[in-house]
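K.L.:
Okay, here's what each chain looks like letter by letter:
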Amino acid sequence: MIPSYYYLIFSAILFSIGAYGALARRNAVLILISIELMLNAANINLIAFAANRPSDIALGQTFAIFAVVVGAAEIGVALATVLSLFRLRDTINLDKIDLLKW
Amino acid sequence: MSIQLIGFFILAAIAVVAAIRIVTGKNLVHSIGFHVVTLIAISGTYGLLSAQFMALVQVLVYVAAVTILLVFALMLTPIGRGAVQALDHEQRGRALLTALALAALLVFVVLQTPWPQAQATASMSTEKIGTALLTTYVLPFEVVSVLLLAALVGVTTIAAKHEGDE
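Going down the list, the protein sequences come from chains Y and X. My numbering puts the first residue of the first sequence at 409, with every later residue one more than the last. My numbering puts the first residue of the second sequence at 1115, with every later residue one more than the last.
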């Protein structure tokens, strides 16, 4: 049995890489990929906790499945927004999209 | 060192290296490719945690569906059409510092906290998930299907060309 903190450290590293990507990029699609990475890191945690509670293993995994569904819905809506933005503003560089910035 | 531990280290190393390539690469297509590699490695670690169903869902939903969506978005936006622009922000240095601080904090907290450790490896869990989804969690299951429908309608509305555009 692998100690659960190995998984937690693994997911912490993936989450930080995703956070770096979301902060350091300016292309909307790349920022979305980074956010997907962070969502996946959270799912690893849920499943690692589930595996360490064999009596109710279904609980953590069910939660992770719901997280996957919401993540899929999120990426669909986000990419549609990106397409719509590109049609309106001719760019997906998020620095140039300042319609709501005062 | 058990065979599972070796497998975990190999998968984790693949996932982390590919994730770093995602956020540092200069080519969007390569980033999406490395994203696929990371997702497959993560689904391998799900398999090590005896979460076979989650490993399958990961491959079906993320590796297949989400990647196709990303490639579509890529082809419909300027980088797919050859207009090169800088992918990185000038605040990259500060972003790196923030991410390193976040990683250090998270690892520190994880190492300081005592975690419960199961003695036995969990058994096959897919049957238990199916039972749980259709008995205890049947309400969230239905709610999430409405959410997916709402997302479907919303995506169609947002992405459709409206009368009077252009």
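Keep in mind that the hints were calculated from the coordinates and are not lab data. Among the hints, a few may not be true.
[Unchecked claim] Going by beta-carbon spacing under 8 angstroms, a handful of chain X positions derived as facing chain Y:
1) A1126
2) I1128
3) G1161
4) L1163
5) Q1231
Glycine is no exception: its CB is placed at the ideal position from the N, C-alpha and C atoms.
K.L.:
Does each hint hold? Answer for all of them.
P.N.:
Evaluation of the provided hints:
A cut of 8 angstroms between beta carbons decides the hint on A1126 of chain X: the least distance to chain Y is about 5 angstroms, and the hint holds. Look at I1128 of chain X: its Cβ only gets to about 11 angstroms from chain Y, farther than 8 angstroms, so that hint breaks. Evaluation of the G1161 of chain X hint against chain Y yields a violated restraint, the C-beta minimum of about 10 angstroms exceeding 8 angstroms. Look at L1163 of chain X: its Cβ gets to within about 4 angstroms of chain Y, closer than 8 angstroms, so that hint holds up.
Satisfaction of the interface hint for Q1231 of chain X is found here, the shortest Cβ-Cβ separation to chain Y being roughly 6 angstroms, below the 8 angstroms cut-off.
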